[in-house]
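Based on the sequences and whatever the hints tell you, model everything.
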Amino acid sequence: MAAGPKIEAPTLDALPTVPAIDPGAMAASKPYVAAKAHQEPLGFPGELLPDWEARAIAKLGELLGKYRSLRVYLDICVKCGACADKCHFFLGTGDPRNMPVARQDLLRDVYRRHFTLAGKVFGGLVGAAPLTRERLDQWYSYFHQCSQCRRCAVFCPYGIDTAEISMAAREIMDSIGIGQKYSNEIIAKVHKIGNNLGLPQPALEDTLLGLEEDVKEASGQDVKFPLDVEGAEVLLVTPSADFFAEPHVDGLIGYAKVFHQAGLSWTLSSYASEAGNFGMFIGSYEQMRKIALRIRKAALDLKVKRIVFGECGHAWRVAYAFLNTLAGPFDFLDPRYPVPQHIMELTRGFIRSGAIRLDRDANADKVVTVHDSCNIARATRMGPEPGSQFVYPRDILKAACPKFVDMHPDTTHERTFCCGGGGGLLTDELLDLRVKGAKPRVEALKQVVESHGVTHLAAMCAICKSQFTKVLPYYGYDMGMVVSVHQLVGNAIRMGEHS
Amino acid sequence: MAYQANGKTVETDEEGYLVNINEWSEEVAGEIAKAEQIAMSPEHWEVVNFLREYYSEYQIAPAIRVLTKAISKKLGAEKGSNKYLYELFPYGPAKQACKIAGLPKPTGCV
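Protein sequences, first through last, are from chains C and U. Read left to right, the first sequence gives residues 1 to 499 (my numbering). Read left to right, the second sequence gives residues 1001 to 1110 (my numbering).
These aren't lab readings, by the way, just hints derived from the structure by calculation. On a predicted model such as this, the values are computed, not experimentally measured, just so you know. Yeah, the Cβ is synthetic: ideal placement off N, Cα and C, and Gly gets one too. Do not take every clue at face value.
Selected chain U positions facing chain C (Cβ under 10 Å, derived; list incomplete) [what the hints assert, rightly or not]: (1) Glu1015; (2) Tyr1058; (3) Ala1063; (4) Lys1083; (5) Tyr1086; (6) Tyr1091; (7) Gly1092; (8) Ala1094; (9) Gly1108; (10) Cys1109.
What follows is the structure, encoded as structure tokens:
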């Protein structure tokens, strides 16, 4: 983009590194504020309300009553410092406000002032602070420098979840009229059209027909990409980026080939053409529920027996952890299958049963590593076993590729680093933050590139794929390095020989 | 933000996308391209024109694959790749080319 200062990537260090502190380094970073047109369709005030301070405190009170966890997190921090060097945004920027504890304190100080006896009586002496305009601006800036990845919570001895604090702060800001354009514009599109992109049914149909042609041309097989087919066995819910972007679409082709070869009937829905649920990013239960209910309606309308989710990180957290309470009960689906099921569980099952066969040679030109997506890694499983969210993707990658290497253990599994674009931050005006936030992940990648000749980074989330494609070139890596897990499956799957 | 073209002021959002897509003209496209530091060649115009055609039919920009396929038909198979489109529009064909074509920015996880 022409406008704005030139964005430069920080110099990569050897792991692990803790940067020198650079106070205020990211104080000016903030996303565009939502306009009236983005706020009002969600029922939020169109602009900052005149009595915003009183309303914000009242909203905080409401949230404290609703979410016991929020009060515990605000009360319990002992400032031990375990989280300080765990956030990728602190590691990438050096701004001490990006230490999770300091980010939490932006809200905690206000909580103390209004909701604790000590804070009411002793004020600043016990770290209590009023919600001034300056503080509100800090909220807007730094609660949009948290990708809600929850890595810090893994290291916190009390398990304080900064993501939840971040979500609460964003919910309060929405309620007083200062929302984030990126997330709120997208949520309104989902309500209106059915997906984050705003891809209407005819365009989706045209795109899918084009993919059928492409696959036919490349493989000679009539692989279908069914849309709105009533009576299909499986409803596939996948991020709309899978229809639109690279390398996402190669993952979608992979899913279609898996369904085709396994002989399992499936359909996409134009009504629920989005797996992602940005309601979570802005902390809004109501928005999250409204989005999730589209999936329920699509499943009922199409009379499917199962719901399967494609590669998407936070979508899978919402699906795995909340779908049943948001939009259940799903007693109309086949009880023999998990509701919902992850595409990786399905594919891995087919590989193990022999329903599909993979030919590793198809990926012989690659040395592959994998990026665990934060929401999948730290909030879900992919099957019944603990750790299946790590085992299943690796099983699939090892079945599809002859050479697989894991990155440094401090950066994988539940310790994985965020890609730098999660939590509603995947927007162009935050590119500087995104480039810097990717630093720890890229350091780990660089290590395996240099030690093991890794050529490709497999990702399992639409945001991760878009973020890496965008930021890796700033570090001197080619965007073509980024691949979808099911893209590698799609390359390797033996077509035509039904077993 | 705003662009000046043919003596008229054309309003944009914070990122330089047109507020009203009906205010687009080739002159406006030229101004946006200048601000994006892109020298428009016939190949750039092929992309921009295809985006506009597709948009007028589907009310959305085409998926990257739809675009690469159309460009490969028009300009030859060797140019029908995401890589080539990035050479033309370094900030990414979806966003930068849409901006020049006067279309809304593609939103979501892209």
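Hints, verified against the model:
Hint status for Glu1015 (chain U) relative to chain C: holds, with the closest Cβ pair at about 6 Å, below 10 Å. Below 10 Å, beta-carbon pairs count as interface contacts, and Tyr1058 (chain U) has one with chain C at about 4 Å; its hint therefore holds. Hint on Ala1063 (chain U) holds. Least Cβ distance to chain C is approximately 4 Å, under the 10 Å limit. Below 10 Å, beta-carbon pairs count as interface contacts, and Lys1083 (chain U) has one with chain C at about 7 Å; its hint therefore holds.
The interface hint given for Tyr1086 (chain U) holds, since its Cβ lies 8 Å from the closest Cβ of chain C, which is under the 10 Å cut-off. Here the hint on Tyr1091 (chain U) is kept, as its CB sits about 5 Å from the closest CB of chain C, short of 10 Å. Because the closest C-beta pair between Gly1092 (chain U) and chain C is about 8 Å apart, less than 10 Å, the hint holds. Of the supplied interface hints, the one on Ala1094 (chain U) holds, with its beta-carbon coming within about 7 Å of a beta-carbon of chain C, less than 10 Å.
With its C-beta approaching chain C no nearer than about 3 Å, Gly1108 (chain U) sits inside the 10 Å limit, and its interface hint holds. For Cys1109 (chain U), the interface hint holds, the least distance from its beta-carbon to any beta-carbon of chain C being 4 Å, beneath 10 Å.
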